[in-house]
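J.: Each chain, letter by letter, is given below.
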Amino acid sequence: MSAILPPSERLWWKQPIDKVEWAWIAIAFVWGMVMFVMMIYWHIYGKQNLSNEAYKTTPEMFAAKAEKFIAENTIRTETEQQIPVVKVPANGEGYLIARLWAWYPILELEKGKTYKIHLSSMDYNHGFSLQPVNINIQVIPGYEHVVKMTPTKEGTYAIVCNEYCGIGHHSMLGRIYVK
Amino acid sequence: MATTYRTCPVSGLQFEDQAEKLMRWNAVAGVLWLLVGGITALLVILTRWPAIKLLPADQFYLILTAHGIDMLILWILFFEMAVLYFASSTLLRCRLAAPKVAWLAFWLMAIGGIVTNIAVFQGESSVMFTSYVPMQAAWHFYLGIILVAVGALLGVAVFFGTLVVAKREKTYQGSLPLVTFGALTAAIIATFTILAGAGILLPTLLWSLGILKEIDAQLYRMVWWGLGHSSQQINVSAHVAVWYLIAAVVFGAKPLSEKVSRFAFLLYILFLQLASAHHLLSDPGMSAEWKVLNTSYFMYFAVMASMIHGFTVPGAIEAAQRRKGYTNGLFEWLRKAPWGNPVFSGMFISLVSFGFLGGISGVVLGTEQINMLMHNTFYVPGHFHTTVVTGTTLAFMAVTYLLVPVLFRREMILPKLCQIQPYLFGISMSVLGLVMMGAGTLGVSRRHWDMAFSGAPFQYEWPGAAYLMMGLTGIFGVIAVIGGGLWILLVVGSLLFGKKLDGGKVSDRPTPIPVNTQAASAAAHGSEHVAVPGTVVLALLLFVSFVLYYFVNWKYLSEVWLLS
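If you're matching them up, the sequences are chains U and H in order.
If you read the first sequence in the working numbering, its first letter stands for residue 1, the second for the next number, and so on.
If you read the second sequence in the working numbering, its first letter stands for residue 1, the second for the next number, and so on.
One or more of the hints may lead you astray.
Simulated restraints, written as ranges between beta carbons of each label pair [said to hold, decoys possible]: (1) Val34(U) with Arg323(H): 27 to 37 Å; (2) Glu559(H) with Gln82(U): 28 to 38 Å; (3) Tyr556(H) with Ile40(U): 17 to 27 Å; (4) Gly210(H) with Thr156(U): 43 to 53 Å; (5) Pro89(U) with Ser558(H): 24 to 34 Å; (6) Tyr41(U) with Ile111(H): 43 to 53 Å; (7) Asn52(U) with Thr327(H): 55 to 65 Å.
Only pairs whose alpha carbons sit at most 20 Å apart, straight line, appear in this in silico EDC-like list of lysine to aspartate or glutamate [unchecked claim]: (8) Lys111(U) with Glu559(H); (9) Lys179(U) with Glu559(H); (10) Lys148(U) with Glu559(H); (11) Lys56(U) with Asp216(H); (12) Lys148(U) with Glu289(H); (13) Lys47(U) with Glu110(U); (14) Lys21(H) with Asp508(H); (15) Lys47(U) with Glu559(H); (16) Lys47(U) with Glu289(H); (17) Lys213(H) with Glu60(U); (18) Lys259(H) with Asp18(U); (19) Lys56(U) with Glu214(H); (20) Lys213(H) with Asp123(U); (21) Lys113(U) with Glu559(H).
Just so you know, these hints were derived from the structure itself, not from any lab.
Computed from a prediction, not measured in an experiment: that's the story for all the values here.
Backbone N, C-alpha and C define an ideal beta-carbon position, used for all residues, glycine too.
My request is simple: use the sequences and hints to build the entire structure.
T.: This is how it looks when you write it as structure tokens:
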């Protein structure tokens with residue numbers, strides 16, 4: 001076809017752009033800006049933003065801090081494995097260890113109180129997936145992520161691991177109580 | 001170097017001898033990998049279907065690793081090599097630069113693919129497609145992928161070289177055809193992507209050999225996704241180029257505006273690389289500013305590009321149809337489109353599914369805060385099965401119906417089944433993506449063997465709807481596998497048993513494009529100024545769905561625990 005077209009067709013960059021097409025480009029552009037601003041808006045006015053607070057750490061350092069927290073705040077143990085249930089001080093700090101293949105310990109929180117939960121992994125990547133709320137956070141070895149969270153409803157919550165971490169991945173289930 | 005050029009009598013496309021052989025070998029290798037990927041797909045589906053749960057955990061993770069690698073890397077990359085050689089040598093009617101290098105590329109990719117598959121099937125490398133450190137695979141797992149990457153880079157270099165050859169030997173006039181321009185976009189993105197891959201996989205190989213002591217787990221994720229996500233952007237560019245090709249070949253369509261379509265490809269080159277961030281939105285190691293800027297491709301410019309293509313591709317078809325006289329109402333052009341031609345039906349389902357499902361879900365998933373609702377859930381594979389499968393794979397399947405007669409000189413066998421196949425595969429795969437996203441919205445994890453958490457110290461019961469979604473995933477997954485298997489059967493069957501077609505005249509030098517042929521349409525330049533009201537309606541429908549779904553998810557987010 002190009003062979004039979006007048007040569008001017010080859011100067012495609014000189015052909016005008018149709019109004020309708022301009023309009024669509026404008027819509028796409030504006031919509032992109034709306035979506036961009038929406039994320040910033042939510043950082044200012046929204047109540048669900050992932051914490052920016054994170055530190056480099058090592059499994060040993062993190063485990064030491066977590067063990068101290070557990071020793072000081074355990075209120076009882078549960079299940080055959082005697083997993084400690086740890087009451088995080090109201091508006092205080094708590095630690096949650098991800099390791100093959102458990103979330104440790106069980107945390108007990110209170111509705112409406114704000115907690116700083118420190119997350120880290122002892123080995124591989126893990127995925128903190130709080131159910132049925134459906135909040136999902138990546139947990140990476142060597143990084144201590146301090147997530148501020150405020151439970152809004154009482155109940156028993158599950159922490160599913162949703163980052164593949166080997167053969168026992170499916171059995172890595174933790175628990176959080178909200179009173 | 002002496003070579004010959006064959007001009008296909010039906011399409012007018014010209015195939016240089018070496019390029020033709022390379023396209024055939026790469027396409028066939030791609031189909032074979034798709035076969036392996038399809039078998040593993042069936043096993044994955046039958047295991048995640050809660051009522052069946054076919055494989056034990058260890059085999060499930062092994063098979064899932066193989067499925068990811070064979071589909072996302074091997075099937076698609078091999079086919080893309082064929083697309084690159086087609087878009088350069090065939091569309092520009094020139095010889096392929098350095099065919100020996102192209103053969104080296106082919107064999108490196110083939111050997112690399114086999115080596116990585118051996119590592120996976122030996123059982124010591126069930127680390128998933130993403131192979132996040134510090135989980136370690138056998139060293140040859142990484143080596144194989146590196147060989148594939150080096151091969152692909154060489155193939156891309158041959159493509160660039162061929163553009164130079166065509167320019168120097170003046171085998172085309174004016175600018176590159178739009179399809180070649182799209183392929184060029186894919187090749188440029190491939191170059192940076194593969195370099196990112198080298199940047200992370202070489203150290204990982206050394207680490208698996210014990211030479212390097214440690215690789216930072218967060219750094220790995222960032223650089224790896226520079227390979228992992230960006231390589232999907234190669235696919236987007238390649239399949240958009242294929243959409244334009246099919247529109248040109250089937251309808252003689254020209255873009256509404258060359259300028260706009262090319263500009264949209266340029267936006268891909270400039271901004272798609274940032275998408276590595278999509279996978280790190282729920283990670284500890286990056287700041288919110290970094291996440292917002294990168295996840296939005298620096299203010300959504302690449303999304304804008306896709307929205308432009310989503311308008312101009314159907315717009316080009318509508319314009320061409322209206323010019324032919326299908327001018328009644330808003331949609332006569334679409335109703336009277338050749339729905340029985342699998343080249344068109346496959347392409348159009350690919351376009352709609354990619355736009356409405358893959359595109360919208362991708363942007364929502366990539367919104368910094370909303371990502372927390374979906375990160376690592378079944379939503380993620382739901383999303384990418386509507387981009388890389390109904391988008392890329394289906395577009396490649398559609399163009400194959402075109403290539404079998406012109407490139408392989410065989411008539412397609414069982415034309416009735418050929419007509420059905422794009423619908424069977426495209427629709428079931430689209431529904432599959434939807435129900436996977438549904439399950440993910442309810443929290444179901446990806447890459448997870450057991451929804452019942454057997455062996456865990458506690459119980460958690462998923463909502464009944466989640467089981468329903470997973471059951472539907474099973475059903476539509478099996479149908480999709482049948483649809484994909486049918487395509488392999490039809491293609492391989494046609495290559496072996498299809499009626500042989502006349503190859504056309506062979507010449508020892510490039511020949512000019514015969515007028516009024518598919519080849520001429522594919523190489524044409526210029527814009528078509530015809531009003532396209534039907535496309536406007538379709539685009540507005542997309543826009544409204546997009547806006548609604550986007551804000552519904554903010555609503556969901558506002559209902560979870562408070563986080564700061």
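J.: Now look at each hint and say whether the structure bears it out.
T.: Hints versus structure:
Distance hint for Val34(U) and Arg323(H): a CB-CB separation of about 36 Å, consistent with the stated range 27 to 37 Å. Between Glu559(H) and Gln82(U) the C-beta distance comes to about 35 Å, which sits within the given range of 28 to 38 Å. Between Tyr556(H) and Ile40(U) the beta carbon distance is about 20 Å. The supplied range of 17 to 27 Å therefore holds. Separation of Gly210(H) from Thr156(U) is about 45 Å and conforms to the stated range, judged on CB atoms against 43 to 53 Å.
Under the hint 24 to 34 Å, the C-beta atoms of Pro89(U) and Ser558(H), about 28 Å apart, fit the expected range. Between Tyr41(U) and Ile111(H) the beta carbons are some 51 Å apart, a value that agrees with the proposed interval 43 to 53 Å. Remark: the range hint 55 to 65 Å for Asn52(U) to Thr327(H) is upheld by a beta-carbon distance near 57 Å. A threshold of 20 Å between alpha carbons decides the hint, and for Lys111(U) with Glu559(H) the separation of about 14 Å falls inside it, so the pair holds.
Our distance criterion of 20 Å between C-alpha atoms is met by Lys179(U) and Glu559(H), whose separation comes to about 19 Å. At most 20 Å may separate the alpha-carbon atoms for a hinted pair to count; Lys148(U) and Glu559(H) meet this at roughly 16 Å. Between Lys56(U) and Asp216(H), the direct Cα distance comes to roughly 10 Å. Compliance with the 20 Å bound is thereby established for this hinted pair. A threshold of 20 Å between alpha carbons decides the hint, and for Lys148(U) with Glu289(H) the separation of about 18 Å falls inside it, so the pair holds.
Of the pairs offered as hints, the one joining Lys47(U) and Glu110(U) holds, with about 18 Å between alpha carbons and a cut-off of 20 Å not exceeded. Between Lys21(H) and Asp508(H), the direct Cα distance comes to roughly 16 Å. Compliance with the 20 Å bound is thereby established for this hinted pair. Taking the CA atoms of Lys47(U) and Glu559(H), the gap is about 9 Å. The hint holds against a cut of 20 Å. Our distance criterion of 20 Å between C-alpha atoms is met by Lys47(U) and Glu289(H), whose separation comes to about 17 Å.
Between Lys213(H) and Glu60(U) the alpha-carbon distance is near 17 Å, which keeps this suggested pair within the 20 Å criterion. This hinted pair checks out: Lys259(H) and Asp18(U) have alpha carbons roughly 11 Å apart, not beyond 20 Å. Distance hint between Lys56(U) and Glu214(H) is fulfilled; the C-alpha atoms sit about 15 Å from each other, no more than 20 Å. Simply put, Lys213(H) and Asp123(U) have alpha-carbon atoms about 15 Å apart, close enough for the 20 Å limit, and the pair holds.
Distance check on the hinted pair: Lys113(U) and Glu559(H) sit about 16 Å apart at the alpha-carbon level, within 20 Å; holds.
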